[in-house]
Amino acid sequence: MNPQIALPILIPLLAGAVSLVFWRSRSMQRFIAVAGTAGLLLTSLWLLTTVNRDGILVMHMGGWPAPFGISLVADLLGAIMVVLTGIIGFAVALFSLATVGRGHEAYGYFPLMHLLLAGVAGAFLTGDIFNLYVWFEVMLVASFALLILGSEKAQMEGAIKYVTLNLVSSVIFLVAVGLLYGMVGTLNMADIARRLATLEDNGMVDVLAMMFMVAFGIKAAAFPLFFWLPASYHTPPVAVSALFAGLLTKVGVYALFRVFTLIFNQSPGYTHEILLWGAGFTMLSGVLGAAAQFEFRRILSFHIVSQIGYMILGLALFTPLAIIGGVFYIMHHIIVKTNLFLVSGIVHRLRGTYQLKSLGGFYRTHPWLAVLFLIPALSLAGMPPLSGFFAKFIVIRAGIEAEAYGVTFIALLVGLLTLYSMIKIWAEVFWKSAPPEGDVDPYPEVNPREMWLMSAPVVGLALCTLFIGLNAEPIYALAEASAGQLLAPERYIEAVLGEAGEVRP
Amino acid sequence: MEPLMAITIGILFAAAIYMMLRRSIVKLVIGLMLLSNAANLLIFATAGMVRGAPPLVPQGLTAPEGAVADPLPQALVLTAIVIAFGVLSFAVVLVRRAWEIVRADDLDKMKDTDT
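Each protein sequence line maps, in turn, to chains A and B.
Note that this note's numbering has the first sequence beginning at 61, numbered continuously upward.
Note that this note's numbering has the second sequence beginning at 1018, numbered continuously upward.
Since the hints were made in silico from the structure, they are not lab data.
Note that this is a predicted model, so its numbers are computed, not measured.
Yeah, the Cβ is synthetic: ideal placement off N, Cα and C, and Gly gets one too.
Errors might be hidden in some of the hints.
[Stated by the list, open to error] Listed next, the stretches of chain B that the computed footprint assigns to chain A, with coverage defined by at least 3 CB atoms under 8 Å from CB atoms of chain A:
| id | stretch |
| --- | --- |
| 1 | 1018 to 1025 |
| 2 | 1042 to 1054 |
| 3 | 1058 to 1064 |
| 4 | 1067 to 1077 |
| 5 | 1088 to 1099 |
[Claimed, not checked] With a straight-line cut-off of 27 Å between C-alpha atoms, the simulated DSS-like cross-links for lysine-lysine are:
| id | chain 1 | residue 1 | chain 2 | residue 2 |
| --- | --- | --- | --- | --- |
| 6 | A | 213 | B | 1126 |
| 7 | B | 1126 | A | 484 |
| 8 | B | 1128 | A | 221 |
| 9 | B | 1044 | A | 417 |
| 10 | B | 1044 | B | 1128 |
| 11 | A | 484 | A | 417 |
| 12 | B | 1044 | A | 221 |
| 13 | A | 417 | B | 1128 |
| 14 | B | 1126 | A | 221 |
| 15 | A | 417 | A | 492 |
| 16 | A | 484 | B | 1044 |
| 17 | B | 1126 | B | 1044 |
| 18 | A | 213 | A | 417 |
| 19 | A | 492 | B | 1128 |
[Said to hold, decoys possible] Ranges between beta-carbon positions, derived for each pair:
| id | chain 1 | residue 1 | chain 2 | residue 2 | range |
| --- | --- | --- | --- | --- | --- |
| 20 | B | 1082 | A | 81 | 44 to 52 Å |
| 21 | A | 163 | B | 1019 | 36 to 44 Å |
| 22 | A | 457 | B | 1023 | 23 to 31 Å |
| 23 | A | 81 | B | 1103 | 28 to 36 Å |
| 24 | B | 1091 | A | 122 | 14 to 22 Å |
| 25 | A | 262 | B | 1075 | 47 to 55 Å |
| 26 | A | 80 | B | 1034 | 21 to 29 Å |
| 27 | B | 1024 | A | 94 | 42 to 50 Å |
| 28 | B | 1129 | A | 62 | 47 to 55 Å |
| 29 | A | 262 | B | 1041 | 37 to 45 Å |
| 30 | B | 1114 | A | 523 | 34 to 42 Å |
| 31 | B | 1040 | A | 80 | 32 to 40 Å |
| 32 | A | 326 | B | 1019 | 24 to 32 Å |
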């Protein structure tokens, strides 16, 4: 028995249930939020060390053997993603203590946060394609409710776009799962991969691959279906934005990685070529959208889109180095992007606005915050020696080695434009002098305890960025090992189904 | 039976997409309902429309006798119906709240978050 596979799902589910029991007790809910996410982080680290030592871990739910029951499978990519979920969950839980406020807590912010984390962890660990759909829905329903906490006008408008696009994507996913089941008669991902390899006719497989690509592409906010993200991510309370920015789109990216390395790897000349074009346009449209924005969180939201492009580029090139780059990029991006949203939250808490025009003078009043912004911002743009440099370096090197010069050029250009956006925020928020008092509301008072709670997660995530940047070797080795597993799907299949390789009718 | 089901599912999808392309948000939600029902029907049809005995294994045997129906799509469609029901009821409440706050049923009037 390996309880550490199921624990990252069970702990948030349990924490969510217990905090529902303590619906009226604010202090209990806050305690459970910190304790539950800390438990998630610890068990996920335990999972990663075991997977790294013993190889792919499998647990069959209810003791039903593999193709019949639902299996939980933790390979290195899944385990890494769960660790990142733990890190982000813990950081956001701490940050929420200071920023969410009584009103939102009374409407169930913390139980929803736990449910969201359970859905995300479940999606990373399941080995069954229909179960993946169910975890997606758990995650989505929690995210719908979190998105409209507070019911402001902008939130409602954003939520309608978010809900509609995500429902359409879920339906496409569900239809694709149904058709896939009609073709191969199984739902276990390892079994599907094994049976598809024996099929003669590849035309229908390509159609299904495209349906999965569209469904996960919407969830990952890839071109041309990304517009729900910048329309909604800047509307909810900032802790929710940070949680979404770090985790939700990355679940879509993870699903693309899983499906297009394990199941649909028959005709990479067709599917991965389309992914490559998608990646290029995603990068470009995201960064150009950001260049036109003057609201802190909207700039960051558009940058999520452009960064998704880099990850998909890693998958689309489909060489060992490119997959390493993709995995490395996901690790770097989740931490950095959440951190930038948290910094924007501190700025908002201090000045009461996200508009760059009404902000300014932070370098004079809060120099430490300026440093904390610069670390993730320069990392996002890819400055050495921060984590983003190595992530971009690996992806771009893989592009040049694969002789995909056009898309590599786009990747370099987008890096430059990212730097432009980050400098824009730096100049407007930190460098220029503060606008005259009349423009903004009187600054809300922040007591020192809240300040500590807000800055502790930012400092922690900034240290993670520095650690990845200055100590890239072990992280690279981890990404390399997980890319090795992704490019050898027979190891995943063997781990789930055992040695018996015969295909039953 | 299968061609009839295929045509029904196709009509449902077409109607759903038509409704979702309208500007009214109420029609958008109706479109979403039709869309999820079309998907449910499609999953139900994937196992083939055949008469089969329930897949019960008699005592003492390890496999059921004779031809049985495939139970898995029915389990899947039950799960999918429940999820779709929950999500759609959320969508209905959302539309109502959105109407109360924005005071518009027109998607073209909801552009504040785009610019």
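Is 28 to 36 Å a correct range for the gap between the Cβ atoms of residue 81 of chain A and residue 1103 of chain B? Violated - the Cβ-Cβ distance for residue 81 of chain A and residue 1103 of chain B, about 21 Å, lies outside 28 to 36 Å.
Proposed proximity, residue 1126 of chain B with residue 213 of chain A (alpha carbon, max 27 Å): It holds: about 12 Å lies between the C-alpha atoms, which stays within 27 Å.
Quick check: does the Cβ-Cβ distance between residue 163 of chain A and residue 1019 of chain B fall within 36 to 44 Å? Violated: the Cβ-Cβ distance is about 54 Å, outside 36 to 44 Å.
Could you grab the alpha-carbon distance between residue 1126 of chain B and residue 1044 of chain B and see if it respects the 27 Å cut-off? holds, 15 Å
Residue 457 of chain A versus residue 1023 of chain B beta-carbon gap, inside 23 to 31 Å or not: Hint violated: Cβ distance 49 Å, outside 23 to 31 Å.
When you take the CB atoms of residue 1129 of chain B and residue 62 of chain A, is the distance between them in 47 to 55 Å? holds, 49 Å
Distance restraint between residue 1044 of chain B and residue 1128 of chain B, which requires alpha-carbon spacing of 27 Å or less: holds, 18 Å
Cβ distance range 32 to 40 Å for residue 1040 of chain B and residue 80 of chain A, holds or violated: holds, 38 Å
Are there at least three residues in the stretch 1058 to 1064 of chain B whose beta carbon sits under 8 Å from a beta carbon of chain A? holds (count 4)
For residue 492 of chain A and residue 1128 of chain B, compute the direct alpha-carbon distance and say whether it is at most 27 Å. violated, 31 Å
Stated coverage of the stretch 1042 to 1054 of chain B by chain A [criterion: 3+ residues, CB within 8 Å]: The restraint on the stretch 1042 to 1054 of chain B holds, since 5 of its residues have a Cβ under 8 Å from chain A and three suffice.
Between residue 80 of chain A and residue 1034 of chain B, does the C-beta distance stay in 21 to 29 Å? violated, 38 Å
The structure does not agree with the numbered hints 1, 4, 7, 9, 16, 19, 21, 22, 23, 25, 26, 27 stated previously, though it agrees with the rest.
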